[in-house]
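With these hints in hand, go ahead and build the complete structure from the sequences.
Each chain, written out:
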Amino acid sequence: MSIMQVIDLHQRHGSRETLKGVSFSLEQGEVFGIIGPTGSGKTTLLRLLDQIEVPSSGRVYFEGRDVTGSPRLRSELRRKVGMVLQKPVVFDASVYDNVAFPLRLRRYSRKVVHGKVDTMLNAVGLDGYQRRNARTLSGGETQKVALARALITNPQALLLDEPTANLDPVSLKTIEEFILRFSRENGTTIVIATHEMAQGQRLADRIGVIMEGQLVQIGKPSEIFYAPSDIRVARFVGVENILEGRVTSNREGLVHLDVHGRAVEAIANRHPGDELHLFIRPEDVVLSLSEASTSARNSFSGQIAGLAMSGPLARVHLDCGFPLVALITRQSAEDLGLQVGKQAHVSFKATAVHVIGQ
Amino acid sequence: MSIMQVIDLHQRHGSRETLKGVSFSLEQGEVFGIIGPTGSGKTTLLRLLDQIEVPSSGRVYFEGRDVTGSPRLRSELRRKVGMVLQKPVVFDASVYDNVAFPLRLRRYSRKVVHGKVDTMLNAVGLDGYQRRNARTLSGGETQKVALARALITNPQALLLDEPTANLDPVSLKTIEEFILRFSRENGTTIVIATHEMAQGQRLADRIGVIMEGQLVQIGKPSEIFYAPSDIRVARFVGVENILEGRVTSNREGLVHLDVHGRAVEAIANRHPGDELHLFIRPEDVVLSLSEASTSARNSFSGQIAGLAMSGPLARVHLDCGFPLVALITRQSAEDLGLQVGKQAHVSFKATAVHVIGQ
Amino acid sequence: MTELWDGLVQALHLIVTFDDEVVDIAWRSLRVSAASTVLAALICIPLGGLISFRSFRGKRLLINVIQTFYSVPTVCVGLFVFLMLSRAGPLGGLGLLFTPSAMVVGQALLITPIMLGLTISALSSVDKNIRDTTLSLGASERQAIWAIIKEARFAISAAIVLGFGRAISEVGVAMMVGGNIRGFTQILTTAIADEANQGNVELALALGVILLAIALVVTLGVNLVQQRR
Amino acid sequence: MTELWDGLVQALHLIVTFDDEVVDIAWRSLRVSAASTVLAALICIPLGGLISFRSFRGKRLLINVIQTFYSVPTVCVGLFVFLMLSRAGPLGGLGLLFTPSAMVVGQALLITPIMLGLTISALSSVDKNIRDTTLSLGASERQAIWAIIKEARFAISAAIVLGFGRAISEVGVAMMVGGNIRGFTQILTTAIADEANQGNVELALALGVILLAIALVVTLGVNLVQQRR
Chain A
0 MSIMQVIDLH QRHGSRETLK GVSFSLEQGE VFGIIGPTGS GKTTLLRLLD
50 QIEVPSSGRV YFEGRDVTGS PRLRSELRRK VGMVLQKPVV FDASVYDNVA
100 FPLRLRRYSR KVVHGKVDTM LNAVGLDGYQ RRNARTLSGG ETQKVALARA
150 LITNPQALLL DEPTANLDPV SLKTIEEFIL RFSRENGTTI VIATHEMAQG
200 QRLADRIGVI MEGQLVQIGK PSEIFYAPSD IRVARFVGVE NILEGRVTSN
250 REGLVHLDVH GRAVEAIANR HPGDELHLFI RPEDVVLSLS EASTSARNSF
300 SGQIAGLAMS GPLARVHLDC GFPLVALITR QSAEDLGLQV GKQAHVSFKA
350 TAVHVIGQ
Chain B
0 MSIMQVIDLH QRHGSRETLK GVSFSLEQGE VFGIIGPTGS GKTTLLRLLD
50 QIEVPSSGRV YFEGRDVTGS PRLRSELRRK VGMVLQKPVV FDASVYDNVA
100 FPLRLRRYSR KVVHGKVDTM LNAVGLDGYQ RRNARTLSGG ETQKVALARA
150 LITNPQALLL DEPTANLDPV SLKTIEEFIL RFSRENGTTI VIATHEMAQG
200 QRLADRIGVI MEGQLVQIGK PSEIFYAPSD IRVARFVGVE NILEGRVTSN
250 REGLVHLDVH GRAVEAIANR HPGDELHLFI RPEDVVLSLS EASTSARNSF
300 SGQIAGLAMS GPLARVHLDC GFPLVALITR QSAEDLGLQV GKQAHVSFKA
350 TAVHVIGQ
Chain C
0 MTELWDGLVQ ALHLIVTFDD EVVDIAWRSL RVSAASTVLA ALICIPLGGL
50 ISFRSFRGKR LLINVIQTFY SVPTVCVGLF VFLMLSRAGP LGGLGLLFTP
100 SAMVVGQALL ITPIMLGLTI SALSSVDKNI RDTTLSLGAS ERQAIWAIIK
150 EARFAISAAI VLGFGRAISE VGVAMMVGGN IRGFTQILTT AIADEANQGN
200 VELALALGVI LLAIALVVTL GVNLVQQRR
Chain D
0 MTELWDGLVQ ALHLIVTFDD EVVDIAWRSL RVSAASTVLA ALICIPLGGL
50 ISFRSFRGKR LLINVIQTFY SVPTVCVGLF VFLMLSRAGP LGGLGLLFTP
100 SAMVVGQALL ITPIMLGLTI SALSSVDKNI RDTTLSLGAS ERQAIWAIIK
150 EARFAISAAI VLGFGRAISE VGVAMMVGGN IRGFTQILTT AIADEANQGN
200 VELALALGVI LLAIALVVTL GVNLVQQRR
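Protein sequences appear in the order of chains A, B, C and D. For the first sequence, the tail end lands on 357 under numbering that gives the first Met the number 0, and the numbers increase by one without skipping. For the second sequence, the tail end lands on 357 under numbering that gives the first Met the number 0, and the numbers increase by one without skipping. For the third sequence, the tail end lands on 228 under numbering that gives the first Met the number 0, and the numbers increase by one without skipping. For the fourth sequence, the tail end lands on 228 under numbering that gives the first Met the number 0, and the numbers increase by one without skipping.
Simulated from the structure, these hints should not be mistaken for laboratory data. Quick reminder that beta carbons are idealized off the backbone N, C-alpha and C, glycines included. Be aware that one or more of the hints could be misleading.
What the hints assert, rightly or not - Pair by pair, the computed Cβ-Cβ distance ranges are:
1. A/K86 <-> B/M0: 44 to 54 Å
2. D/L219 <-> C/K127: 27 to 37 Å
3. A/K86 <-> C/A87: 56 to 66 Å
4. B/H9 <-> A/K219: 51 to 61 Å
5. A/R134 <-> B/G237: 29 to 39 Å
6. A/G114 <-> D/G57: 48 to 58 Å
7. B/Q357 <-> D/S139: 45 to 55 Å
8. C/L60 <-> A/P70: 23 to 33 Å
9. A/P70 <-> C/F183: 53 to 63 Å
Stated by the list, open to error - In silico negatives: residues of chain D with every beta carbon more than 12 Å from chain C:
10. L7
11. V15
12. T16
13. L46
14. Q66
Here is the structure:
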């Protein structure tokens, strides 16, 4: 069941168009990731979902009703949808008062507030912090207080803006796990905006990719990762090999493409003559010194044009008539004795080539 | 020839001891990397090298003379040693005036200033920017102006504090290349402080690792990377497998170690009974499903305890009697069909094990 | 020099013996300035909260206008209130000219711009995210404004204390609308000017020391409050 | 009300016809305040540069003391200068009391703390890295201070203009050490208070409008300069 829909949202900030026609719907209980580069409009979208901002045009539906334009419904939405800002702020008051704040706004009795706050602080692992001033906490603890404060009213949806942007790896893991558990136990819909593809992959059931204010692709994490719908998404998820080619033949879904005069095979249903973009993830390109006989349909020889170590990995730039990047382990690179100027063989499977129309 | 030596430098800031007994010497024309985590004292060390700060104890020698305590020699040092701060600042003036500043301080004639500044701006690729206010530039351009300004007096040494911390990859590459070229052409000694091991590897001839104010290891980049001298350095350069073991036998430099009851072989000259730490880089651990016959001396079977994808890589946590992490490509992980709970075989060479005393 | 020294000794004597006239003038000063501060604060805090919270066309301009009023000379405020309350003025019928009430109104008018301006800037210097957070947690406008005022409590207190300091130190308004009537509207600042000119150096010095002490306490108070942040 | 209206019309008439007395008083005000501003600036800029640049024991305290002096009431400064220059005072022999020179010195003394404090804070708000960068590029202390002052040029100009605004608006010092002698030491603020009390409403209003206009121009000037940053 969908609990929220947004339809053709546009937002201007001054002369800048931050959002351009965003539409999607949020399902009950799902974890929805919004990924995109910094400045692509993720934060604005969350602010519109929580109705802290009013869109310049477009509609927001919550529980089937159009809330845009109704101050009463907007404020009702804000009472039912929680949000944690990218850099969460806490009030200059005790941890207890911070977490109790939303309950006091709703005029709960002192006893009820007490019970709920203590339970929640226990759940996020901040038991014993009640009397500490929230401003004296570390980044991870502040994030926990902000989460506890947003969740204490048991909202139907929780919007998180880069929830782990400034955290160390340990706090990051704790908080990611807490969010997922809370969502499962309470059926809370979670929306996570992040610029990190990896976090989207770890947490989200579905991902929407936003680029320059437009929602360019929605799908399962694996779809986004392996089958990006356009060049910008492909670059964003780490596809380094983006080639142009023309279909020369199609035999039952195995197409042959002409790429800079070389023949590349891919699995796709396209007609001869179609101009296509080919995406090949650099880690799907296998490197060897002699032509090995493998099941990979595509095999080329080329010259090593560049070699860059980064940590445990080596990024090998090859010229095989067209430029190709292969990502292999540093160890393999050393075992193979790779050097700039040397010849090497590359191969990749026909299934490793993802094509889209130009 | 060494142009600068520091001896037993200590620095206190309030109650915090930022540097604790740092000694080393800088050779003419070398690129020296100072790496360490944020807050480990890199910036303080550079400030002491440039004598912007006075150490609480210890000596700084420049061109063979002890400059500590002599205002005249300290100011002479500053005139001969350039420095670019982590977040370089430019004066609220034109690019030309910024780069001309050090020359005007030294009362060069207008004509000489003009010639030098134009040549330098040309060299860093800022020709045509002369009249722009330097505050209106982008991060990369600002960094170039700061570099040009520091290099215009052709200093004997240049100190760079995280020179590329806030730059996009393209500017980073341009600036790294410019620094290396300038150093080679003019014989300038370069000191680069960075928290990025990878940058140190790319640029430095020698690296000093600083941890909590102490210089814990000095050596070639490959020594630091493959043979860290203690556990903190090992963690910092990405050694994820740190085990404890006891030597059971030593046959001509091939030692057998008892690690949690399992026998591990390593190349080292230690006596039976020695308690050691073993470092194994996760990318040196090879994974297979069946026991493959390889030349690797160490081979164990274990259970997969965890599997985490991060971009094109998979980090596999294994339990082989002791915990072991292997870093392999995502593709290999998928080809092998790895799953938590499954059995797997791991192997690593005796040369991949680096040992130090406990 | 010895004459000055003797004057200072006699002035301190007047203070420590709680001389009737000295106590009377100082006490009147405190009451008048406290009253004008309370009056101004009652206007400035809610008004500042509303101006700071809401977005409206011309907000930037309004704040600029308020800040421009910081520097209206005291004699100009004094002249304005004088003309309003004078027999020929629109409020002349109230018969307030040359009474302490006139001074309270005049001083409140004098310090309202700076108190309002500092309140607004105190509220705007609260992290914008506090506003958004409060709203996203389900607060109404009134509840949100109150939460923001609580965040800025120290800076707002400082604005109020600073307003009091301005009121008790000023001489232009008090002189023009109070009239410096001995025993009725004479306060510290007007009395100091008057007594010095009439050659009562020791009385002027006694009052000067007290005024300086009050100004010092106010400044220290403002600093103390500001440093709690 | 009509009387007030007539007064305002007559006041504007006095201004646009360049009435001798009005022009004389306004011109004297401008000269006295400009002189005191220049005097104060000559002290504050180099002194502020030194205090800001050097680190020394008690620096924080010194700055606090300077800031405390911001709020010394004008009548207290007036009283101090009055006593110094009075026949019995240490500088009585100069015969400066009740002359424009006395007012210049008094106003300079009044505005020095705020001008010095704002200069120091303008210099400290220059990025600390400018100092380090300048030194690392080989500058001497003098050259470094000059570079920092250049970085803060707009904020320092604002401090000077603000000092001028304070000088021209104040009434306490001018009244006590100038003595409000018609045609000799009478300036805008003292004349407004005096003429209103004597019932010369149109003259007081004319001077009030001019003073208000000057204060407005000064404020706009400060804003303009500050917004250039």
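Comparing the hints with the structure gives:
In this structure the hint that A/K86 and B/M0 lie 44 to 54 Å apart at CB holds, the actual value being about 50 Å. The hint said 27 to 37 Å for the Cβ distance between D/L219 and C/K127, and at roughly 28 Å that hint holds. For A/K86 paired with C/A87, a C-beta distance near 60 Å keeps the hint of 56 to 66 Å intact. Between B/H9 and A/K219, the C-beta spacing of about 57 Å keeps the proposed range 51 to 61 Å intact.
A/R134 and B/G237 have their C-beta atoms about 35 Å apart, which keeps the hinted 29 to 39 Å range intact. Evaluation of the 48 to 58 Å hint for A/G114 and D/G57 yields a pass: the beta carbon distance comes to about 54 Å. Between B/Q357 and D/S139 the beta carbons are some 53 Å apart, a value that agrees with the proposed interval 45 to 55 Å. About 26 Å separates the C-beta atoms of C/L60 and A/P70, a value consistent with the hinted range of 23 to 33 Å.
At roughly 54 Å, the beta carbons of A/P70 and C/F183 sit within the given window of 53 to 63 Å. Under the 12 Å C-beta cut-off, the non-interface status given to D/L7 relative to chain C is violated; the minimum distance is some 9 Å. Distance check on D/V15: its Cβ is at least 20 Å (rounded) from any Cβ of chain C, clearing the 12 Å threshold; non-interface status holds. Every beta carbon of chain C lies more than 12 Å from that of D/T16, the smallest distance being close to 21 Å; the non-interface claim holds.
Annotated as non-interface, D/L46 keeps its C-beta farther than 12 Å from every C-beta of chain C; the closest such distance is 21 Å. With a least beta-carbon separation of about 7 Å from chain C, D/Q66 fails to lie farther than 12 Å from that chain, contradicting its non-interface assignment.
Of the numbered hints listed earlier, those contradicted by the structure are 10 and 14.
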